[in-house]
Amino acid sequence: MTELLDDMELALTDLIQSGFSTGGPATAQRLGALSHRCEDCGLHTGGALLSELERVLTARSHTVQKNDLPPAAALCRTARYIQLCREKLQEEQIKQRWQPLTDKEEF
Amino acid sequence: MQLPKALSAALAAADENYLIGLCNKGTVNRAKKDLAVSASPETMPGQDGVTVRLGDISCLITAPLGESRCSCPSSAICRHRIAAILWLKGRLDAGPDPAAPPPRPEFQELRAYPPEKLAKQLGSKRLSAALFRHQSGSGPQITEASVVTVDMPWLPACVRLLEPLEHSTCTCHSKVFCPHKAEALLYWQLKEGVADPSLLQPAQPAGAALDLEAARGVCRAVQEALAAQLATGLSRMPPGVCETVERMAALCHTAKLPELERALRALHGEYAAYFGRSATYRDAELLQRLSTAFRLAGALEAADGETAPSLAGNFRDDYLPLGDLKLYLLGMREFSGRSGYAGAIYYFWERDARQFYTFTHVRPTFYEKEPRRRSSPAVPWGLPCPLHQAWNHALDLTNAKATRTGNLSASEQCQAILLDRCDPGCVYPKERVCADFALLLERHSAPHTPERDRLAVVRPQRCEPQPYDAIQQRFALRLLDGAGRDLWLEVRYKKEESKVVDVLEEFADSLKKDPRLSPVFFGIVYREGDRLKLYPIEFFTKWGEDT
Numbered sequence: 001m002t003e004l005l006d007d008m009e010l011a012l013t014d015l016i017q018s019g020f021s022t023g024g025p026a027t028a029q030r031l032g033a034l035s036h037r038c039e040d041c042g043l044h045t046g047g048a049l050l051s052e053l054e055r056v057l058t059a060r061s062h063t064v065q066k067n068d069l070p071p072a073a074a075l076c077r078t079a080r081y082i083q084l085c086r087e088k089l090q091e092e093q094i095k096q097r098w099q100p101l102t103d104k105e106e107f
Numbered sequence: 001m002q003l004p005k006a007l008s009a010a011l012a013a014a015d016e017n018y019l020i021g022l023c024n025k026g027t028v029n030r031a032k033k034d035l036a037v038s039a040s041p042e043t044m045p046g047q048d049g050v051t052v053r054l055g056d057i058s059c060l061i062t063a064p065l066g067e068s069r070c071s072c073p074s075s076a077i078c079r080h081r082i083a084a085i086l087w088l089k090g091r092l093d094a095g096p097d098p099a100a101p102p103p104r105p106e107f108q109e110l111r112a113y114p115p116e117k118l119a120k121q122l123g124s125k126r127l128s129a130a131l132f133r134h135q136s137g138s139g140p141q142i143t144e145a146s147v148v149t150v151d152m153p154w155l156p157a158c159v160r161l162l163e164p165l166e167h168s169t170c171t172c173h174s175k176v177f178c179p180h181k182a183e184a185l186l187y188w189q190l191k192e193g194v195a196d197p198s199l200l201q202p203a204q205p206a207g208a209a210l211d212l213e214a215a216r217g218v219c220r221a222v223q224e225a226l227a228a229q230l231a232t233g234l235s236r237m238p239p240g241v242c243e244t245v246e247r248m249a250a251l252c253h254t255a256k257l258p259e260l261e262r263a264l265r266a267l268h269g270e271y272a273a274y275f276g277r278s279a280t281y282r283d284a285e286l287l288q289r290l291s292t293a294f295r296l297a298g299a300l301e302a303a304d305g306e307t308a309p310s311l312a313g314n315f316r317d318d319y320l321p322l323g324d325l326k327l328y329l330l331g332m333r334e335f336s337g338r339s340g341y342a343g344a345i346y347y348f349w350e351r352d353a354r355q356f357y358t359f360t361h362v363r364p365t366f367y368e369k370e371p372r373r374r375s376s377p378a379v380p381w382g383l384p385c386p387l388h389q390a391w392n393h394a395l396d397l398t399n400a401k402a403t404r405t406g407n408l409s410a411s412e413q414c415q416a417i418l419l420d421r422c423d424p425g426c427v428y429p430k431e432r433v434c435a436d437f438a439l440l441l442e443r444h445s446a447p448h449t450p451e452r453d454r455l456a457v458v459r460p461q462r463c464e465p466q467p468y469d470a471i472q473q474r475f476a477l478r479l480l481d482g483a484g485r486d487l488w489l490e491v492r493y494k495k496e497e498s499k500v501v502d503v504l505e506e507f508a509d510s511l512k513k514d515p516r517l518s519p520v521f522f523g524i525v526y527r528e529g530d531r532l533k534l535y536p537i538e539f540f541t542k543w544g545e546d547t
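Those sequence lines, one after another, are chains A and B. Residue numbers for the first sequence, in my numbering: 1 to 107. Residue numbers for the second sequence, in my numbering: 1 to 547.
With the rest of the complex left out, here is chain A (with noise of 0.2 Å):
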């Protein structure tokens, strides 16, 4: 689950480097393939807002007149849903993280 988070945020930041011009279908096409993942993970949420903006960056890439809202609108609510993840996770993950070292101790 943390993998696929990475991915996703790397995805984000990714685009967030190159621009909504530069990304070209590979761009898209990388978003499809994470929103698969997420759906196979269960993150159905993700998987949703990720085919969003895969959707709306085609979109764009297709117009004359370009209208910038509707992707970074989408961008920023797929980073804040990373981030909300990342928040749910933690607690589990420093207790499972934690497990093995108190099992050392008492043994």
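Hints are supplied without guarantee of correctness; some may be wrong.
Stated by the list, open to error - A short list of chain B residues far from chain A (calculated; beta carbon distances all over 12 Å):
id	residue
1	Leu290
2	Glu442
3	Pro447
As the list claims (entries may be wrong) - BS3-like mimics (lysine-lysine), calculated; alpha carbons at most 27 Å apart, straight line:
id	chain 1	residue 1	chain 2	residue 2
4	A	Lys88	B	Lys533
5	B	Lys533	B	Lys494
6	B	Lys25	B	Lys117
7	A	Lys95	B	Lys117
8	B	Lys326	B	Lys494
9	B	Lys117	B	Lys5
10	B	Lys117	B	Lys89
11	B	Lys430	A	Lys95
12	B	Lys25	B	Lys89
What the hints assert, rightly or not - Okay, the calculated beta carbon distance ranges per label pair:
id	chain 1	residue 1	chain 2	residue 2	range
13	B	Leu165	A	Arg80	39 to 45 Å
14	A	Glu87	B	Asp304	25 to 31 Å
15	A	Arg80	B	Gly343	28 to 34 Å
16	B	Ser518	A	His44	47 to 53 Å
Don't read these hints as lab results, they were simulated from the structure. Note that beta-carbon positions come from the ideal geometry of N, C-alpha and C, so glycine has one too.
Fit chain B to the given chain A structure using the hints.
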């Protein structure tokens, strides 16, 4: 003597407290003396009540007693009326047990008074302070007998609430329903559960009036500017984008949108770190800052008149009166945020209420092209020395004021007496020193928890110094509790943190030389990845050794 029923009931219910509530204790005592020396008065029962003649003075005693009239020129309840009431009360055809105290009144009229009306009369600032006092348990002393006495020493005022409400008295001698009476009645209603604090809170107007149209325009412009930046991409963006973001922050300030202004200043700091090639810059951090600012602007644009003020936030929190505080300066940290503020935060432990308070000595730096070498030290509350020199000293602060988040005011009304220096172990309760890191995870580390609730004093069972991470530029110390759970003490190297890192490195060396050292750490707990972490504010190698 036959008296009208209503008057008989009023006389039976009126004990000495009620009469004192109608006027004051002196007048009641004087009336008693007058009655003891005067001849038996003449009485004439009438339709309205009973006329009592005391020498040249004639009093008409009616129910309610506060509406009795007297031939003397006094507009307030005079000693003649009290003497007449006492005389009538003495001659009242008493029930089975005349010595028994009158039944405790129900205070129906006090209960029926609408709390919203009180909130309106008090105004947002006073209401806010009253609710804070009620919630923090530092409210007035309320005694209930035949009258409700509410003593508010911080005003100072003592209000006697009685029925009918218009006959209530206040030490300010106001004949109308003064703000003191309104505040006293609100405290009583809150105590009795008649008024619901959660319903009163939203009734307060949040800050200065927000021009929604102008705010929406600014929010739209912010969204469009951020979307354009995202479309361009960071790799092609000119450094001038920092100024664009700063200008947008200034626009938000003018449009009274402090939260959005803060979000944009934080974003400006992140952009500045990127263009300044700072080692602490992270793409993920920039993504989160962009996301926060964009989403907040979107939410504000879509908000209506009711939700917009809470989303817009406050420029400055109100300071609420707390009375006297017994403080102990546990530590301080230098602060220089990317949001454009720098200074020092001092952390106090309150010895009675057992909670942390902070004092922030911060100045804005976003318009300073070159950083100042050093800001002047904080010397608040009439202290004889700068605050940092009072480290590990106890302080008694009078007339203290603090925000809801526990940040103390430097107001001139607050005065501090500096007491002796003492060991923190003598002041900080033993049971609050955390040796079980599972409790830290559960109680002090939840995301978005205010910093005050994430402060903790930690005593690890052992410490494992880690090699300095030269790539991440990070000092780390692994702290372990009795069950082997670890807590990571970490400080990222920054110019402002260089001294902190130096001191911690020295301490890590001394730990290697003497592993029996049992230090205590005071810091801010947070989560990062799969680790529980502590930002150190202070560490103590001697804790509780003076006890």
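So, going through the hints one by one against the coordinates:
no.	hint	in the structure
1	Leu290	violated, 7 Å
2	Glu442	violated, 9 Å
3	Pro447	violated, 5 Å
4	A/Lys88 - B/Lys533	holds, 17 Å
5	B/Lys533 - B/Lys494	holds, 18 Å
6	B/Lys25 - B/Lys117	violated, 31 Å
7	A/Lys95 - B/Lys117	violated, 51 Å
8	B/Lys326 - B/Lys494	violated, 35 Å
9	B/Lys117 - B/Lys5	violated, 33 Å
10	B/Lys117 - B/Lys89	violated, 36 Å
11	B/Lys430 - A/Lys95	holds, 26 Å
12	B/Lys25 - B/Lys89	holds, 18 Å
13	B/Leu165 - A/Arg80: 39 to 45 Å	violated, 52 Å
14	A/Glu87 - B/Asp304: 25 to 31 Å	holds, 29 Å
15	A/Arg80 - B/Gly343: 28 to 34 Å	holds, 30 Å
16	B/Ser518 - A/His44: 47 to 53 Å	holds, 50 Å
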